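S.K.: Read off the chains here:
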Amino acid sequence: MLIHKTASAGTLESNDVLVTVAPGSGIQVHVESVVLAQFGGQIRETVLDTLSRLQVTDAVVRLNDMGALDCTIAARVEAAVRRAGGDA
Amino acid sequence: MNKLTSNLADAIRASGLQSGMTISFHHHLRNGDGVLNLVLAEAARQGIRDLTLQASSLFDVHLPLLDHIKSGVVTGIETNYMSAGIGRAISEGVLEKPVIFRSHGGRPAAIASGRVVIDVAFIAAPAADSMGNANGVSGPAACGSLGYAMPDARYAKRVVVITDHVMPYPLSPCPIEETDVDIVVQVPSIGDPKGIVSGTTRITRDPVGLSIARLAAQVIEHSGLMKDGFSFQTGAGGASLAVTEYLKPILRAKGIQGSFGLGGITGYLVDMLKEGYFAQLLDVQCFDLTAVESIRDNPQHQEISAERYASPNARSCAVKSLDAVVLGATEIDLDFNVNVHTDSNGYIMGGSGGHSDTAEGARLSLIVAPLFRARLPIIMDKVTTVTTRGSAVDVLVTQRGVAVNPRRPELKAGLAAAGLPVLDIRELQSLAHQFTGVPRAVKPQGRVVAKVEYPLGGIVDEIRSVIS
Amino acid sequence: MRRSLLFIPGNNPGMLVSADIHGADAVIFDLEDAVAPNEKDAARLLVRNALRAMRDLRVEVVVRVNPLATDDFRQDIAAIVPLQPSLIMPTKVADADEVAVISRTVADAERVEGVPAGAIGLLPLLETALGIENAFSIAGCDPRVKGILLGAEDLSSDLQAVRSKQGQEILYARGRVVMAARAAGIEVYDTPFTDVDDMEGVSADAKLARALGFSGKAVISPRHVAAVNAAFTPTEDEIVYAREVLLAIREAERQGKGAVSLRGKMVDKPIVDRARRLLDGARSLGLEGTEP
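Residue numbers (the working numbering), protein chains in the order written: chain A, 13 to 100; chain B, 102 to 569; chain C, 97 to 388.
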């Protein structure tokens with residue numbers, strides 16, 4: 013999927029994550045998280061898996077994570093990608 | 102003889118305070134306390150340095166303390182609890198000498214034994230007379246019990262009572278007695294009532310917390326302790342307090358007459374006293390206005406000292422007669438050790454308070470905690486800091502099940518027989534990991550910035566600085 | 097047995113992952129009214145992922161989808177069916193034709209996704225005057241319809257009635273949906289009680305619903321679950337009496353009689369049927385409900 017514009021999904025409430033996806037070249041993932049020390053690697057992996065499943069090859073993805081579980085992170089990344097990608 | 106002055110500078114000079122001494126403060130004014138800041142500012146003005154602070158707890162209202170540390174006025178801290186703002190600075194290494202953390206019972210034990218010597222105790226008093234009889238139940242800064250100040254008054258070399266509400270001699274009641282008091286200082290204000298007690302303490306509305314509380318009450322119900330004479334203590338936070346609400350119908354249904362509620366007292370325990378669930382409340386600290394009014398007006402609501410509350414050196418103390426205590430945890434490990442000192446990144450944000458005292462003393466110690474907070478599992482392989490030893494903890498209650506310490510097989514059998522969801526603590530941990538994934542262990546590796554002393558003495562753990 | 101069905105807002109990750117801990121017999125992940133119009137897409141993905149993550153947990157999941165007339169409806173069905181929730185709850189259902197369209201849409205999705213045909217049931221929400229009037233034909237039109245739920249908030253607005261705690265204004269609708277569901281041989285669930293702080297109110301309302309014949313009740317606050325479960329759980333007295341009824345009728349049969357007197361009242365077939373049903377319910381809740 014191609015990223016045409018900047019779009020976000022999610023919130024800054026506890027257990028949620030605010031994901032912003034923007035056009036870019038190649039994949040760049042920036043993670044801010046309240047659990048970065050404990051789960052930074054897993055969060056990044058979930059983001060990359062989700063992007064790859066959606067066949068996104070070029071995007072800048074920023075996460076502001078309030079302790080979301082993987083299923084939430086994947087859902088928010090997918091929602092942001094679809095909003096940014098002209099899927100709608 | 103005139104003990105009363107309105108000049109704090111004179112009072113400090115008259116107390117004989119000198120560089121290198123130990124001064125003490127109580128924390129009944131909590132995050133509204135003005136006295137610790139006032140005294141340190143005046144001591145600094147007089148050029149006094151190298152003080153050791155012997156405070157029963159420190160709150161973020163005391164953040165000016167950090168400047169006194171940087172300027173060398175304060176070079177040592179011994180306390181039972183430290184809120185996150187001050188804790189962060191300590192974790193980042195602002196103080197060279199390690200902080201000594203004690204418990205609410207361990208502190209008076211150390212003071213009574215002479216292991217800790219207080220040169221001057223500065224006792225904030227919501228009401229006092231000209232001779233230093235003082236209480237916490239009157240005046241604009243009324244806080245209720247003065248339980249943590251009582252050992253300081255009794256054992257310190259010099260005692261300065263600081264009040265903003267002088268009442269006619271002889272003041273009654275007087276948990277602080279004139280026989281112990283050297284100087285009385287009248288100041289315009291000892292603190293901000295808004296930070297001292299909350300109007301009412303409310304139980305959590307968080308549905309996860311409530312489901313944990315409901316399960317915890319069922320654990321107590323089937324613990325074998327539900328008999329006439331039942332005694333109970335609970336923390337004031339999160340799910341702990343909500344346990345009282347679920348306990349009431351159980352006590353009612355079984356027709357049980359409890360003997361006493363203990364500890365930091367909230368309106369919920371006051372209601373239980375009024376409704377006849379308990380015969381007495383033993384109160385070392387009031388958490389809300391309802392508790393303050395009750396301790397003032399109800400003779401069945403007794404003020405007790407920190408020594409009577411929990412000192413392991415006393416000939417006896419109340420926690421040793423306690424049936425059940427409900428406590429929280431930041432982390433608990435596979436050996437049931439509990440941490441309430443540091444957060445998951447190793448920053449200091451609390452302290453034992455009465456955690457280790459009550460867990461060691463009570464017949465049944467329950468830890469109530471969600472299986473994970475946001476994404477952080479509560480059950481670790483090893484806790485970051487040991488506050489309370491696992492040998493003192495009987496049951497962990499989470500929203501998805503109960504783990505019983507293997508040292509209590511009869512309790513485990515009883516709870517399982519009652520149909521409660523009893524799991525091995527490792528099963529609960531792996532259940533949490535199914536949701537969260539397995540966290541990378543984070544253990545600060547810097548120099549030692551604090552030591553945790555167990556109630557009976559002896560260092561149970563060390564806290565290292567966080568290097569960012 | 098579904099005594100309580102707890103609504104969980106579909107766009108709230110914290111509530112979704114702890115949905116199963118409140119003791120409700122079923123949870124309803126809500127993609128409709130609990131989700132803002134511009135968050136429908138995000139909620140759909142979140143609920144889909146939560147369903148996947150919660151597969152191993154022992155709670156029945158219902159998904160409330162957006163109305164048939166909206167674009168979101170088909171997207172909801174496409175996203176949710178692969179995860180095979182127990183029930184899908186279509187909203188503002190007005191008549192049997194609508195149910196037929198919904199059922200076909202679900203059937204198509206089941207085929208495409210390789211979900212066993214008919215695996216997913218429907219629990220239509222009746223919350224309009226027309227829907228209540230058509231309750232029987234909705235209840236009986238399709239084997240996929242496993243139950244119906246009364247929605248009193250939208251209904252009383254549609255009726256131009258004043259909504260009250262006592263619920264006089266919905267008494268007719270309550271009777272009507274119970275009648276329709278029982279006539280069609282399916283389950284029927286009562287509207288939620290909306291004052292989250294009124295514990296006595298929810299308890300009384302749930303007891304009334306049970307007395308009227310409802311199978312269970314929807315719940316909008318986790319704090320209401322215990323009261324609703326209690327109201328729909330057979331009491332010890334009821335269980336004891338039901339067992340006595342079965343013993344008495346067995347004795348009567350042995351003596352070749354069709355009816356018998358128990359506690360001064362005639363026991364005959366309807367009372368025996370009721371006793372059997374009550375003991376079945378008690379047994380499914382793990383209570384002492386075995387037939388004597």
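Take these hints with a grain of salt, some might be off.
Heads up, incomplete: computed chain C residues facing chain A, CB under 7 angstroms, no partners named [claimed, not checked]:
1) G110
2) D294
3) I367
Capping the alpha-carbon separation at 25 angstroms, the derived lysine-lysine pairs in BS3-like fashion look like this [said to hold, decoys possible]:
4) C:K136 <-> A:K17
5) C:K353 <-> C:K365
6) C:K136 <-> B:K349
7) B:K258 <-> B:K295
Calculated from the structure, these hints are not laboratory results.
Predicted model, so just to flag it, every value in this text is computed and none were measured.
The beta-carbon is built from N, C-alpha and C at its ideal position, and this holds for glycine as well.
S.K.: Run through the hints listed earlier and report the numbers of any the structure violates, in increasing order.
M.R.: Numbers 2, 3, 6, 7 - these are the hints that the structure violates, sorted from lowest upward.
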